[in-house]
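**Q** Here is what each chain is made of, one letter per residue.
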Amino acid sequence: KNEVEQSPQNLTAQEGEFITINCSYSVGISALHWLQQHPGGGIVSLFMLSSGKKKHGRLIATINIQEKHSSLHITASHPRDSAVYICAAHYLGGGSNYKLTFGKGTLLTVNP
Amino acid sequence: KAGVTQTPRYLIKTRGQQVTLSCSPISGHRSVSWYQQTPGQGLQFLFEYFSETQRNKGNFPGRFSGRQFSNSRSEMNVSTLELGDSALYLCASSERQGAANGYTFGSGTRLTVV
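Line by line, the protein sequences are chains H and P.
Every position in the first sequence, counted from 1, becomes a number in our numbering once 5 is added.
Every position in the second sequence, counted from 1, becomes a number in our numbering once 17 is added.
Since the hints were made in silico from the structure, they are not lab data.
Misleading hints may appear alongside valid ones.
Restricting the straight-line Cα-Cα distance to at most 27 Å, the calculated cross-link-like pairs of lysine-lysine (DSSO-like) are [stated by the list, open to error]: (1) H:LYS109 <-> H:LYS60; (2) H:LYS109 <-> H:LYS59; (3) H:LYS109 <-> P:LYS74; (4) P:LYS74 <-> P:LYS30; (5) P:LYS74 <-> H:LYS73; (6) H:LYS58 <-> H:LYS109.
Since this is a predicted model, take the numbers as computed values, not measurements.
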């Protein structure tokens, strides 16, 4: 069964702290996405990666294919980083069928 | 470049009614996928359209359907609404099927069924 497990479910941090959110998945993905969702619902795609590491500003995403694990790191966290972070695995099915399977999300609250 | 546009933003419907939601993808994007988000189930994949054809479908009943037009705009329809259909419905567009180069999400349509 194609599943995506995220941890922790909730995370509270003080401004400036280093944040790590973890995601594990099953075999057979073609890519892994990290998404950010602010209150009100809009989703922003932060990263899509299939190997290695990507960095954008204070955000870093890594993926370990052998361990079927990905992490999202936020350096020098800020209250505006408060949001739900969602990991989504792009599973390669039969033929050319792809499906995004989502984790339950991590609610991050950064206090000033 | 305009983003993904979903209309309407908010909708209130009565049980038993039907509803149609619209999604206009980014210009040049030919794939549109739809998702349902509820507090209990989180985000779930509904279906994906590419070149006016449904290419992939999630595990939802037949009351949920969709279509894509020649200009890549997509609509999804839910018939015989149930209270449990209350959710945020999101669409995302990508250049190609399978989104090997990433998705762009719309802001969603929040549907409330009363």
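**Q** A separate judgement is required for each hint: does it hold in the structure or not?
**A** For each hint, the structure was consulted:
1. H:LYS109 <-> H:LYS60: holds (23 Å)
2. H:LYS109 <-> H:LYS59: holds (22 Å)
3. H:LYS109 <-> P:LYS74: Given pair H:LYS109, P:LYS74 holds - Cα atoms ~20 Å apart, limit 27 Å.
4. P:LYS74 <-> P:LYS30: holds (25 Å)
5. P:LYS74 <-> H:LYS73: holds (25 Å)
6. H:LYS58 <-> H:LYS109: holds (23 Å)
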